[in-house]
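Participant: Chain by chain, the residues:
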Amino acid sequence: MPPADNIKLSCEGLWKVYGDNPGQHFTGEFGSFDVGRTFQQLRDDGYIVACGDVKIDIPAGSIFIIMGLSGSGKSTVLRCLSRLVEPTFGKVILDGLDLLDQGPKEMIEIRRHKMGMVFQNFGLLPHLDVLKNVAFPLKAQGISKNERLGRAKEMIDLVGLEGRETSYPHQLSGGQQQRVGIARSLAAEPEVWFLDEPFSALDPLIRTQMQDEFLRLQTQLHKTIVFVTHDFLEALRLADHICIMKDGQVVQIGTPSEIVLAPANDYVEKFTGEVPLWKIIEAHSIMDPPDGKVGDRPSVKPEALLEEVMQLFEGDTEEVEIVNDAGECCGVLTPVSIIRALYRDEK
Amino acid sequence: MFSEKNYLPFIWGGLLLFSTILMVFGNNTKWLLVFPETLQIPIADYLDAIMLVFVNLFRWLFRFISFVLDWPMRGVQELLSWLPWFTFASLATFIAWQGGGRNTAILTLILLLYIVIVGYWYEGINSLSLVVICIPLAVIIGFVLGVLGYRSPKANAFLQVMLDFMQTIPAFAYLIPILLLFGFGPVVGLIASVIFAAPPMVRNTILGLSRVPPEVRESGTMSGCTPRQRFWWVEVPTAFPQMLVGVNQTTMAALSMVIVAAIIGGFEDIGWEVLGRLRKAQFGQSVLAGMVIVCLAIILDRITLAYAKRQLPTESHSGFRLKQFLMWFVGIALVTYILSLIIDPLRIWPEYLEFYPADGMNELVRIIITNYGEFLEGVKNNMQYFILLPVKLGFTRSIYPITWGFELTPTIIGLYWTIIIAGSILAFVKKNWKLGVAIPFLAGLLYFGITGISWVVYLTVLPLFAYSIGGIRVAIFVTGSLLFLMVAGIWVPALISIYLCSVAVAICLILGGLIGMWASTSDRVSAIVRPINDTLQTLPQFVLLIPAVMFFRIGEFTALMAIVAYAIVPMIRYTEQGLRNVSPTAVEAGITSGCTPSQIFWQIKLKLALPQILVGVNQTTLFGLNMLVIAALVGTTGLGQQIYLALSKVDAGAGIVAGIGMALIAMSADRMMQAYIKATKK
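Chains as they are written, first to last, in this note's numbering: chain A, 1 to 347; chain B, 1 to 682.
Check each hint, because a few of them may be wrong.
A short, non-exhaustive set of chain B residues, derived as facing chain A with CB atoms under 10 Å [what the hints assert, rightly or not]:
hint, residue
1, Leu181
2, Phe184
3, Gly185
4, Ser210
5, Glu215
6, Glu218
7, Ser219
8, Ser223
9, Thr226
10, Pro227
11, Gln229
12, Arg230
13, Val234
14, Ala333
15, Thr521
Take a look, some chain A residues computed to stay more than 12 Å from chain B by CB distance [what the hints assert, rightly or not]:
hint, residue
16, Glu109
17, Pro190
18, Asp196
19, Gly273
20, Leu342
No lab work stands behind these hints: they were computed from the structure. Predicted model only: the values in this text are computed from it and were never measured. Glycine included, C-beta positions come from ideal geometry on N, C-alpha and C.
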């Protein structure tokens, strides 16, 4: 887990329960009740627990991906974090401030200045053209027309839609519409960027392209990102940290290679089955301890992917050295250790 | 289909036996045939009393509203009739062009020129100005109520019931309390029109707002909108296209009602002109005036529809921006006004230029009647003797030597029932108990006639029937409606209404079904039928009376024709649509498994299209009941006439009771049909 002082947005003991007056089950002190029992009791009473006892810490400037199948509660968690959905119980802390204590006016201010969101089906306003759609959050803030249209124009250039300013959403392709959605969500220069399955409605080819652009944007912008997807490969590709959810509960949180190498249970392991592991696993996570040998061996950085390491084995090379930034050798990798890591299922 | 409960056949069988005994032995018992008066409650009188108190208490308030509304109404009327026709027509054409492009503009211009040339400009504009002032009122009220219904589930539940009633209670019925409250005068027509025209706006507003995608709403919230900003900047604009559909429907309803409201008094409008001419049997004049209504309807429909379709600018047709639009508007107004000052005929179309071929048309009608009168009379008489009378009075009271050519001797009666009983037994033997029960019931209906069957039979058979297809809730509703009709003392006219409407619906089903089938197989037929249907549905119902009266004079048959002309449209539409929507894969599957063309049609296409066709049947029934009241103007007895009579006597209680009666019949029919459609879909 990342160090706590770096946390931008977090939630703790977060519950969203649908049904008749679910609040009556959460009368105790914060964190004082038995999670497993509460779950069981709520479900027995016919309540729908969209998410329960979720604890997430999102470091500033990182991409945090919530991954799960439909019905896992991932979108609910995202919407609780932005308070689009009112949590039944719990804490949502943004910059040390509990969002659930904020009044409607404060929430509007927070959304105006600190949050931006991208939607699966774009959520564009059909009656506004591209420029006005992008400028819309600024209009809500009451920024003058010239200024907001100017800033919208910059955003449109940023996402590569120059020339389509006067088009209407229905005249654009899905990929273009989502670029508008992205530009709009960034227009107010938010600190936290929510993306709810932003690329799921797009063709596979466009999806990959948009993922690349997304990573490019993030290297420029360094937002704190909460990204929801049902696509495990997408999560592995984009995330700094992944949170896997099932039936409203968090199953595992970790970096992509932590998840792949040490799945918390069978459920997570199933996802990793189809994954091209050599594109995910970093050298340091499976290396053997240094053997003390000195010699003419190829070396890689600890963060190097196995894909890169494997190419070095061509020819006579039998061992690869892992060398950290300080120039010290911290481990070695052999073809055998790599094969073991990749085929651990067939043990 | 029917809910398969194993005790149902026995109940039906028992009921059959019971009904038979009742009809055979109770033939001379008066209280079985006629609902006993001692059980009736003078609901109408109570309503009158309540109304009287209410009117006395609040008359000042309503008269004040009437007074307040009178000013803008007169203002619009004065303004529009003061405007030179040339200015008005130019502006209307400009608006049409901006909305729907060249074709709409040309159509609008031609139709307006007709009104000018035929010399009905003043009357037409008078009606139109009522519509023009009615639309914003109805739209605003509809919008506000719609928003209320969308925001609060409680308000919505209440609104839905109100809308149900407003759509099924004949407008005439609530004209009466309005008359009492607001006094005579054109304002009554306006208020009735607003009430009649607001419901589609309410419905479409609720529909539009509830169809705003949740993501669009959320995107508004996440953009930092306050609730008010989100409503006006996000939800309303997104729902706007649907609301414009509501404006179109509201406009058409307003026109329809403005025309009909002429009944309560002439205010030199076009509805009054048609009605007056019709009463004097001046068909040429009434057709010419009726055409003016048709023109107004088409213009209003096309323009509002064009704007509803074109809410988003596209590259192909964008129209002017608002500022440019206003500049052109004012410019055209000024130029045409100045022109009309210079050239007088552009201001008021001179009489010597009018083309009013009423006498020629009357002559034509006379020629048609003298040449084809016998044929028309034959059609009418045959329908009357062989269909209308038997259904209404039954074979026992309609078969006579002069009409049928033979007498209903005991031998023939015996033969009739022997065949029926044999058929029923055969059906039971073949294990089709539903058919076995249905055959004797239908035979009995034809034998005794709809009006000749005891109320006790209706009160047992209909609820059981409703229960069989729709379960307990539908059964309760139907029972309640029947009891209301009986207790309120309007059972006999209600039966006559039901009889006329069922004949009309039956004709629509057969004729409309056939036309729809034909149109589904031939694109050419479809291309001919579609615009006719569109026009029939856009027209104020009132207009359909003119040709019916022209050829068949006043009477039940005439009313029947008018009802059929109006109610056949949905049947044709849904049949064609249903058959055309059958998936080609299903047909291909049929072909490959070796079906003959007729098998494909009957067993695959018709079966798959059935749910949609049934929706058409339901619509046709509701349309028929709706038209029934208007058709009362040309001679039917029944609830329609009751309402009409109540209107002429300003008898609020009687009118409302008859109106509610009509509404309950319509709602019962609707509920049963809906339940049946739901069952067939499974």
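Participant: Take the hints in turn and mark each one as holding or not.
Facilitator: Hint-by-hint comparison with the structure:
1. Proximity of B:Leu181 to chain A is violated relative to the hint, the smallest CB-CB distance being about 41 Å (cut-off 10 Å).
2. At its closest, the beta carbon of B:Phe184 sits 45 Å from a beta carbon of chain A; the interface hint therefore is violated under the 10 Å criterion.
3. The closest approach between the C-beta of B:Gly185 and any C-beta of chain A is roughly 41 Å, which is over the 10 Å cut-off, so the hint fails.
4. Taking 10 Å as the C-beta cut-off, the interface hint given for B:Ser210 is violated, the closest approach to chain A being about 16 Å.
5. Given hint, B:Glu215 at the interface with chain A, holds; its Cβ is 4 Å from that chain's nearest Cβ, closer than 10 Å.
6. For B:Glu218, the suggested interface contact is upheld, since its CB lies about 5 Å from the closest CB of chain A, less than 10 Å.
7. Checking B:Ser219 against chain A by beta carbon gives a least distance of about 4 Å; that is within 10 Å, so the hint holds.
8. Taken as an interface hint, B:Ser223 checks out: its beta carbon lies about 4 Å from the nearest beta carbon of chain A, inside 10 Å.
9. Interface restraint check: B:Thr226 against chain A, minimum CB-CB distance 6 Å, threshold 10 Å, status holds.
10. With a least beta-carbon distance of about 8 Å to chain A, the hint placing B:Pro227 at the interface is held under the 10 Å criterion.
11. Below 10 Å, beta-carbon pairs count as interface contacts, and B:Gln229 has one with chain A at about 6 Å; its hint therefore holds.
12. Annotation: B:Arg230 was flagged as interfacial toward chain A, and the flag holds, the nearest CB pair being 8 Å apart, inside 10 Å.
13. Look at B:Val234: its Cβ gets to within about 6 Å of chain A, closer than 10 Å, so that hint holds up.
14. Look at B:Ala333: its Cβ only gets to about 29 Å from chain A, farther than 10 Å, so that hint breaks.
15. The interface hint given for B:Thr521 is violated, since its Cβ lies 35 Å from the closest Cβ of chain A, which is over the 10 Å cut-off.
16. Non-interface status of A:Glu109 relative to chain B is broken: a Cβ of that chain comes within 12 Å, the nearest being about 8 Å off.
17. Its closest Cβ contact with chain B, about 9 Å, brings A:Pro190 to no more than 12 Å, contrary to its assignment away from the interface.
18. Not every CB of chain B is more than 12 Å from the CB of A:Asp196 (nearest about 8 Å), against its label as outside the interface.
19. The claim that A:Gly273 lies off the interface holds: its Cβ sits roughly 33 Å from the closest Cβ of chain B, which is beyond the 12 Å cut-off.
20. Once the 12 Å rule is applied to beta carbons, A:Leu342 is consistent with being away from chain B; the minimum gap is 40 Å.
The structure fails hints 1, 2, 3, 4, 14, 15, 16, 17 and 18 (numbered hints given earlier, in ascending order).
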